[in-house]
Amino acid sequence: MKAPYAETDRPKPRFARSQRMTIVNGILAFVVIMVILQLWLLTATMNAYLGGDATVLLPAALVSLGCLGLNAGLLWYLYRLER
Amino acid sequence: MAQDAERVTTPPDGRPLSEQPRWRQDFPIDWEEDEYVSRRDLVKFIVLTSLAFATGQFWLLGKQRFGGGAGQPQPVPIAEAGELPIGGYKMFSYPEGSSPRLLIRTGDESFVAYDQQCTHLLCPVVPNVEEDALHCPCHNGWFDLQTGRPTAGPPRRPLPRITLEIRDGSIYATGIEERTV
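Listed in order, the protein sequences are those of chains A and B.
Per the working numbering, the very first residue in the first sequence carries number 1; after that it's consecutive.
Per the working numbering, the very first residue in the second sequence carries number 1; after that it's consecutive.
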């Protein structure tokens with residue numbers, strides 16, 4: 001009788017374990033750089049806002065949103081790797 | 001791929017399982033997978049931080065758009081021109097109920113006025129007319145008395161300047177000038 005989840009039935013991952021480790025490390029490094037960029041952006045925007053300069057608020061918010069989108073996309077890709 | 005499934009992973013210190021402490025022998029785990037999952041969770045946490053920063057940016061934008069900036073307050077008299085000696089200063093509020101402001105007489109006919117809160121961490125600044133400076137004693141910040149711009153210490157932004165007008169011997173505060181440089 002065949003086991004319900006036999007080894008042969010399990011879907012094979014697209015990447016080997018060592019490759020996934022390299023990918024997660026690469027993504028981690030990229031995401032950290034993006035977050036540091038966002039932190040700098042927020043600090044600079046806050047400084048401008050408190051100094052009465054509101055012209056940078058919208059572009060900075062859009063760039064920050066772009067960074068978030070990129071980060072979220074990479075996280076989604078990471079979870080997708082395991083399927 | 002098949003090798004991955006069969007491979008016996010090595011503990012973090014690299015020694016074989018037989019040389020590991022008892023607790024590791026009793027509860028062996030897939031060390032490499034454990035490392036992978038912890039990295040993945042770290043990525044997830046950092047992405048949440050990224051979400052927080054983006055939210056902060058949009059909060060600032062919303063505050064500016066919907067915060068209802070009241071514009072410049074109406075001019076109000078704050079002192080008589082002869083009231084202060086040269087080098088003297090007076091505190092006032094403009095508009096009423098705001099943070100304290102400083103009016104400083106720098107010469108016969110010259111006056112300057114600034115917000116009294118340091119742009120670093122909001123400590124009160126103290127005029128030092130002899131050195132032509134404003135000093136923040138909390139973190140040793142210095143501002144130029146004539147311009148309000150930071151000259152030393154941690155502050156990076158100039159002090160907000162109160163624009164002044166002298167009408168019939170009275171000094172009027174006419175507006176607030178916030179600056180980034």
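Any given hint could turn out to be false.
[What the hints assert, rightly or not] One side only, chain B facing chain A, incomplete, derived with CB under 10 Å:
| no. | residue |
| --- | --- |
| 1 | T9 |
| 2 | T10 |
| 3 | D13 |
| 4 | R15 |
| 5 | L17 |
| 6 | S18 |
| 7 | T49 |
| 8 | L51 |
| 9 | A54 |
| 10 | G56 |
| 11 | K63 |
| 12 | R65 |
| 13 | L164 |
| 14 | E165 |
| 15 | I166 |
| 16 | R179 |
[Unchecked claim] Quick look at which bits of chain B chain A covers, simulated, 3 or more residues with Cβ under 8 Å:
| no. | region |
| --- | --- |
| 17 | 39 to 48 |
| 18 | 86 to 97 |
Since the hints were derived computationally from the structure, they do not count as laboratory data.
Even glycine gets a Cβ: it sits at the ideal position worked out from N, Cα and C.
Hints, verified against the model:
1. T9: holds (9 Å)
2. T10: Hint on B/T10: violated, closest Cβ of chain A at ~13 Å, above 10 Å.
3. D13: Result: violated, 18 Å to nearest chain A Cβ.
4. R15: Violated, because the Cβ-Cβ distance from B/R15 to chain A comes to roughly 20 Å (cut-off 10 Å).
5. L17: With a closest approach of 18 Å, the B/L17 hint is violated.
6. S18: B/S18 check fails; min Cβ-Cβ to chain A is 23 Å, beyond 10 Å.
7. T49: Hint holds; B/T49 Cβ to chain A Cβ min 5 Å, cut 10 Å.
8. L51: It holds, given that the least Cβ distance between B/L51 and chain A is near 6 Å, below 10 Å.
9. A54: holds (4 Å)
10. G56: Holds - the Cβ of B/G56 comes within 10 Å of chain A, reaching about 5 Å at its closest.
11. K63: holds (8 Å)
12. R65: holds (8 Å)
13. L164: Constraint on B/L164 not satisfied, violated at 18 Å.
14. E165: violated (20 Å)
15. I166: At 25 Å from the nearest chain A Cβ, B/I166 fails the 10 Å test, so the hint is violated.
16. R179: This hint holds: B/R179 lies near chain A, its Cβ roughly 6 Å from the closest one there, short of 10 Å.
17. 39 to 48: holds (count 7)
18. 86 to 97: Check failed, 0 qualifying residues.
Checked against the numbered hints given earlier, this structure breaks hints 2, 3, 4, 5, 6, 13, 14, 15, 18; the rest are met.
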